[in-house]
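**Student:** Each chain, written out:
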Amino acid sequence: MDIYGILEKVRTEKPLVHHLTNWVTIYDCANIVKVLGASPVMAHAREESGDMASLASSLVLNIGTLTPEFIESMKIAARAANKKGIPIVLDVCGAGATKLRDEKSFELLDQVKIDVIKGNTSEIARISGENVQTKGVDSVEVEKNLIELAEHLAEQRNSIVVITGKEDIVADKTRHFIVKNGHEMMAHVVGTGCMAASIIGAFSAVHKDLAEAAAGALSVYGIAAELAASESRGPATFKEKLFDNIYRLDRETIEKLQRIG
Amino acid sequence: MDIYGILEKVRTEKPLVHHLTNWVTIYDCANIVKVLGASPVMAHAREESGDMASLASSLVLNIGTLTPEFIESMKIAARAANKKGIPIVLDVCGAGATKLRDEKSFELLDQVKIDVIKGNTSEIARISGENVQTKGVDSVEVEKNLIELAEHLAEQRNSIVVITGKEDIVADKTRHFIVKNGHEMMAHVVGTGCMAASIIGAFSAVHKDLAEAAAGALSVYGIAAELAASESRGPATFKEKLFDNIYRLDRETIEKLQRIG
Amino acid sequence: MDIYGILEKVRTEKPLVHHLTNWVTIYDCANIVKVLGASPVMAHAREESGDMASLASSLVLNIGTLTPEFIESMKIAARAANKKGIPIVLDVCGAGATKLRDEKSFELLDQVKIDVIKGNTSEIARISGENVQTKGVDSVEVEKNLIELAEHLAEQRNSIVVITGKEDIVADKTRHFIVKNGHEMMAHVVGTGCMAASIIGAFSAVHKDLAEAAAGALSVYGIAAELAASESRGPATFKEKLFDNIYRLDRETIEKLQRIG
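As given, the protein sequences belong to chains A, B and C, one line each in that order. In terms of this note's numbering, the first sequence is residues 1 to 261. In terms of this note's numbering, the second sequence is residues 1 to 261. In terms of this note's numbering, the third sequence is residues 1 to 261.
FYI, nobody ran anything at the bench for these hints, they're computed from the structure. A few of these clues could be false.
Identical chains share a label here; the pair holds if one copy fits it or two copies do between them.
Said to hold, decoys possible - Below, computed lysine-lysine pairings styled on DSS-like, alpha-carbon distance capped at 27 Å:
id : residue 1 : residue 2
1  : K173      : K113
2  : K14       : K135
3  : K99       : K180
4  : K135      : K9
5  : K75       : K99
6  : K113      : K14
Generate coordinates for the entire structure from the input sequences, incorporating the hints supplied.
**Tutor:** Structure representation (structure tokens):
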């Protein structure tokens, strides 16, 4: 897989990546897309979410601070995206924590076509129908073969499934990638999961094989995190360097460091 | 008071700290809780704010960008927290600036049990019934003995009262702490007040004596600020180093620098 | 024009700059006002947006994540500001991207008095009645003499018009300034446009000649960006240094570096 090739396409084509996301990490989601070289936009009003989605090259949905009204705006955006064949990434942030999150996640998955479902282990387990209680938005341990879990959900929902964690898993029905890039420091910064979805959104906008796009995105993100960790003494410096490194990544660095199994 | 002991408990127990807070500093509130070692969550929909509060170990409310609907979600969360004995910190951000803020602050204080009331001098003066006009969300000078002010409100509302400022005051009906840690640079960054409430929330989640929890939290925060100021040349670098230092704080540093009177 | 004199007035008078802005860059808008030495506040509830505007020294409106309800709150704030002669800056963020943005921008311009209209090239073109399709919130090229465009809109709406770009244009009916300060790196960070409006808001709060206030604000901002770029290796470090430099700017630096034509 030519990961740098996809990144270069993002930088050249500057796709518009539309988000309906949570209010906590919305800036970071926008900014990670920006430093990647793409063009982020966030427009959640039901009166324009569909129009904006129609202009975009991909759509990222994140239920981190959902309300029922917000989910309706997501559906409007998603239907517009579906109509035009624009890929949709759904981050099921906090699924398993409350009844509302579960219900609305299933509603989205049932009523619109989601191309990439992304979550941490406990979120994806819950979306797959496992009886897991998520603690807020952070992951809890799941006793289950994660690749099987991902492949099962991919089959069930006819989409790509991404499980983020120490190693990230990207699966469709027939194959899977294990992305080994990344750094432990990512777990000490709010929003690294949300930003992962945004990068996947940007890569999906320019590369048709969405499993490759997701795996490539996570590898690029993880490589930047590894570089950032080596330049920082704490989580806030780390985050700053993460953005800087994504902006600067070149072919040589990516090809030297990428670890996808 | 073994402040480091409380911090260590936060790091070990990783309590879930639920927030219904303002949209300006929501990321920083989440991130300060994260770098402290706890687990932040923000869920404001009335359909889940109570469920999430029931899962949490403490609840932080902040009226910085309130709406009447948002206050209703706060009440739902607060009632769920009250029912389970989960401590609630209320930041009366901007009280005294508008009629809405005053009314809604009093509504919250009257209708649910608040465990820690936190504000700057003019906000707390207003909540105590003094006729003070706050300028936006920044403090104005109040001609009044601040310890008396805090103790009076603590008595009146049967809660801990925190007045932040050059020196922070933490009072209950019978005793008070004066926290002398901190740095002038905190006044040049948006959100340092809001983050103080979040740290108090995290400490309250693991330490039953809430006056000690609040004083310890403010001391830890202030120590990190002192260290950050010595490493930075401006407010943005200062803020980054503040997060880094909270993440790194050890027993030796805290015991050397803590100043609580 | 004594730009430093205006900045010094901001630092001394610490005007309250009220915002009804978007949820993506709201923290940065608040923080840029803070490091400038002024006092930011964000209060969007219709029940208090007018009260808060009445307390303020300027009002900044930004439609980046508009909803119809949010626009109603803006109108309430704007009417209160108009009544008291408090200057209003409107950032027509994303105008031209969707029907909603166009309609609501025109509604605001028709129903309240806006003192400074600010946007990038494609946004201002659209607001002037040109048939331009904006891509999300980023600018597209416009084949048109930009000074004419600005002056035309200034005449039409009886207000100051600011077009941000590689060089910024500030125009009223009879004269214009071209601000040549700034740095290419600003285009790689989310929110630099929004922050420009906030700085203009702070300068407008203390300097009656609003064209001078806007040009001075953009020059100060651009100078800080130039200094920041020379101290950083990527967009996130750049942003941090931008805040630090605004905080530190002195007369000597400004007078040496200011480039206004």
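**Student:** All hints, please: hold or fail.
**Tutor:** So, going through the hints one by one against the coordinates:
1. K173 to K113: within (16 Å within a copy, 52 Å between copies)
2. K14 to K135: Close across copies (11 Å), not inside one copy (37 Å); limit 27 Å.
3. K99 to K180: Close neither inside one copy (33 Å) nor across copies (44 Å); limit 27 Å.
4. K135 to K9: between (38 Å within a copy, 18 Å between copies)
5. K75 to K99: Cα proximity of K75 and K99: in one copy and across copies (19 Å, 19 Å).
6. K113 to K14: within (24 Å within a copy, 36 Å between copies)
Taken one by one, the earlier hints fail for this structure only at number 3.
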